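Given only the sequences and the hints, what does the whole structure look like? Please build it.
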Amino acid sequence: MTRTVRAYHTLLATLLPAGFNDAFAEELLAVYAEVDRSARGRRGAVGAWLALVAELPGLARIAIRERRTHRTIRAPHATAHLEANMLDALWQDLSFALRGLRRAPMFAFIAVATLALGIGANTAIFSVVNAVLLTPLKLGDPARLVALGERGKNSSPTALNSTSPASFYDWKSSSKALRIAGFSGVSGVLTGHGEPQQLPGTSSIGGLLDVAGVRPYLGRLINESDEDPAAPQVIVLSYDAWQRIFGEDRSVIGTTLDLNGTARTIVGVMPRGFSYPGAPNDFWVPSRFDGTFRANRDQYFIAVIGRLADGATIETARAEMDVIADRLNRDWPKYNRGTRISILPLQETIVSGVRRQLFVLMGAVAFVLLITCANLANLLLARAGARRREIAVRQALGANRRRIVRQLLTESTVLALLGGIGGIIVGKSFLKLLLAAQVTTNLPRAEEITLDGRVMLFAALASVIAGLMFGSAPAWQLSRSSDALRQGTRGSAGGQWMRNVLVVSELALAVILLTGAGLLLQSFSRLSRVDPGVKTEGRITFSLRLRETRPDFAPSAIDQISAVPGVKTVAVASSLPITGRSNGAWFNRIDKPLPEDVVPSGEAYRVVTPAYFDAVGVPLRRGRLLTSADRQEAPAIVINESLAKKYYPNENPLGKLVYLGAPDNRLFNSAPIVGVVGDTRDAGLGSDPLPMVYIPLAVMPKWPALSFVIRTNGNPSSVVSSARSIIRSMVPNTPIQNIRTLEEVVSAATAPARWSATLLGTFAAVAVVMAVLGVFGVLSFLVTQRTRELGIRLALGASTTAVQRLVVARGLAIVALGVGIGLVGAYGLTQFMKTLLYDVTPTDPATFAGVAGVLFVAAGLASYLPARRATRVDPMIALRAE
Amino acid sequence: MPTDPLSTQVFHILLSLVDDDLHGYAIIQDVAERTGGEVKLTASTLYAAIKRLLDAGWIEETTSRRRTSDDPRRRYYRLTAAGRQGARAEAERLERLAALARAKRLIPARR
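So the protein lines, in turn, are chains A and B. Per our numbering, residue 1 is the first one in the first sequence, and the count goes up by one each step. Per our numbering, residue 883 is the first one in the second sequence, and the count goes up by one each step.
Be a bit skeptical, because a hint or two may be false.
[Unchecked claim] Quick partial rundown of chain B residues pointing at chain A, CB under 10 angstroms, derived from the structure:
#, residue
1, Thr890
2, Phe893
3, Leu897
4, Val900
5, His905
6, Gln911
7, Val921
8, Ser926
9, Thr927
10, Ala930
11, Arg934
12, Arg957
13, Arg987
No wet-lab data here; the hints were simulated from the structure. Source: prediction; values computed, not measured. A virtual CB, placed ideally from N, CA and C, is assigned to each residue, including glycine.
Shown next as structure tokens:
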């Protein structure tokens, strides 16, 4: 059976009523097979597919008629008759529409293709919006889940900072309105399954999976009793990890797995798609805090969620947590003075950061679709001009107006549906493209993005609404043209009026889009010109996590890698510059202690080896850099300019003694500041430089997560393989991760800005092209309509420039109106983008002027072409044409 | 079956069956041949018509097969008396129309 015959078989089975199929399907299929064979024989595969397409009207006819016959048997006579008439009319409309489109293949192609683009862009962006913002979290009864966090006196009311173990257990045991659990991210090196690999995972604190409310796919969840340090070591795997590592072998439950050198019993597998608190997440392990650590109040790393108890609301929970916060303020003033507890709906906290960005994109694609519709309405109006006589004849022959309008709407609905089918295909590929970008996959819940039923429904609705929108203008206009028989081809002023309105709105929408895109592009270009504070040329980085404390590892690895030809400097840091705040601790001046009841503020720190500053190109401003003499016995630290400005505004920081951490839990006992270095924008290029403390690795030699930075003579990639084999020979079971140049590290910080600018820029470009084509179309039509008038003017001695000016002036008037309205709209709408912009105001005059300029030039050109054509009108021919 | 004018396709199907019982694909070929490819039946339109003609009793399935080697799925159709009457009525209607047109000298008179 050939593919076409199989396709026909499927069509038969799905479209035709069973009654018909029982009697004829087999025979019909046999006949079709012969038709197929003969078509294939004459014109190959193309012929076969054409033959299949030719079958569609016949199939539709059987489908409609046979169903109707079935129904008429049962239905009362009058309704049956009416229904029969309606179905007949529908069938007529449909076949008429298809015939009409077949007669104008170019028109049909342009219409369907532009619609497919418009609907495709909407489908793709909507599938992102749908998964990220609209679908409830894949947790048990997600509406009753909240996120909790600490909030300082001066922080924003939506701040949700991590809390300490002791505070966490205080909250958990005191709350009645909430069942509280927490988590922190962990990573583990899996050994015994091929190459050692580092897996991302989550540590469950206080029964996380239980509160999340999801049943395991296999085995059981981790419960609170597993979190006792004396309990056996257990682990729960994600479905993905189970599939990847064990090939979905169900017998792994109860067996052990080596993670970070510890054998853990696999007790459960979570269902497919569950990756809370965020993908990727391969496993969950119990936290196993000992008694001392449970009482710790100065290590803030626990993210907290809660499930509202029956009868509790978020308000009652807030009231209760307020009481708890007051009590902690009283009982532990040193740690909790002024600390409040925030509660927000969980979904809100996961997606609120990207909501605005996604809404802007959704708005942009909606605009593209609106412009597409306006353009199509214009095309249809032009076509309607040509069909004016045909319609008038039909009206004269007794077709009623309603029927004609319906006919025209059927035609546009058919176009829209074809466009919708194309749109789903375009949307699928567009989504694939989107998901290939790192930024998209970095969106919260990105792993849930798919073209699901809801997205399909959206695409279908978008198509139908689009069809009604672009179809209604010509239908309304045509239905009123009863005098068309007399008028000949000149058309009425009414049509031109409507076309102008459409083009003006296209232009206005294009201006708004282009302004938005312009602002984002400006913002992106300013962002990429920001000095990150580091030098990136010839620097390569990678990271690894030691499985056991090896104070000798870093110095020895640095020595060996330094000996590789082409390497200038090697350094190790707790985390790379520009990748975020990473670690923080209370900053305490020993020379100027704070009053007992004031909680010090936390500052970011990085643990580095002495060569770090040279390796990343951070300049020394005052004092000296770190040396190998700065060790645990005699610690010294370096700070950056921002920190110096914050704590020592009118003093010399050099030589001042400080410590980091809580009084009874210090990172180091006391150390002098020996140097001040340049700022780096670690919190992101769009943020102010972060105050930063640099602590020698020799002072904190047990630091396990190490990032290497290698400065080379030129070609960094050739150095990597040598470095890799050196590391492998030293710590064979430790995977090397994230091999990137420092250039890539820095540009990752601008990636989200580039992503939105590129997307919006693309949409805006499409919009402008369509709007300009719209201007061109309207003026060409105008010239055609006024051929006779222009001919007379020329015959009466009007100069060609005068005629050209006439047409161009009309074009520019339309453009001016469109651009004007658009700028006003943009002024209002870009306010919404304020938080997405860096260093650009939403009303940036340069952008607004530039957008207006671009559209004037483009539309000016578009009106010049028809104007030239107007001057070539031969007066004699123009007059004879009447 | 309606007494209204027949559709072109239905009329041609009836014409094909006037002097021979045919199976489905043979009807498609016969119509294409007779009209020089001007009327092309698709399998679906053919069976849409066959169903209605069967329901109206204008054609019927023959029980005897032509050749024993034939595809067993093939069914042959024969014009019934009613069908023959209907086809004839349509031909006459067309002739009357043509005569009217001739009377108006729209088309040349028959030689």
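Hints and how they fare:
For B/Thr890, the shortest C-beta to C-beta distance to chain A is roughly 14 angstroms, which exceeds 10 angstroms, and the interface hint is violated. Because the beta carbon of B/Phe893 sits about 17 angstroms from the nearest beta carbon in chain A, more than 10 angstroms, this interface hint is broken. The interface hint given for B/Leu897 is violated, since its Cβ lies 18 angstroms from the closest Cβ of chain A, which is over the 10 angstroms cut-off. For B/Val900, the interface hint is violated, since its Cβ never comes within 10 angstroms of a Cβ in chain A; the closest pair sits about 20 angstroms apart.
Taking 10 angstroms as the C-beta cut-off, the interface hint given for B/His905 holds, the closest approach to chain A being about 8 angstroms. A least Cβ separation of about 8 angstroms between B/Gln911 and chain A falls short of the 10 angstroms threshold, and the interface hint therefore holds. Restraint check, B/Val921 versus chain A: the minimum CB separation of about 13 angstroms is more than 10 angstroms; hint violated. The beta carbon of B/Ser926 comes within 3 angstroms of a beta carbon in chain A, closer than 10 angstroms, and the hint placing it at the interface holds.
With its C-beta approaching chain A no nearer than about 4 angstroms, B/Thr927 sits inside the 10 angstroms limit, and its interface hint holds. With a cut of 10 angstroms, the hint placing B/Ala930 at the interface with chain A holds, because the nearest CB-to-CB distance is about 4 angstroms. With 10 angstroms as the threshold, the beta carbon of B/Arg934 comes within range of chain A, its nearest partner Cβ sitting at about 8 angstroms, so the hint holds. A hinted interface residue such as B/Arg957 counts as satisfied when its beta carbon comes closer than 10 angstroms to some beta carbon of chain A; here the least separation is about 6 angstroms, so the hint holds.
Hint status for B/Arg987: violated, given a least beta-carbon distance of 24 angstroms to chain A, over 10 angstroms.
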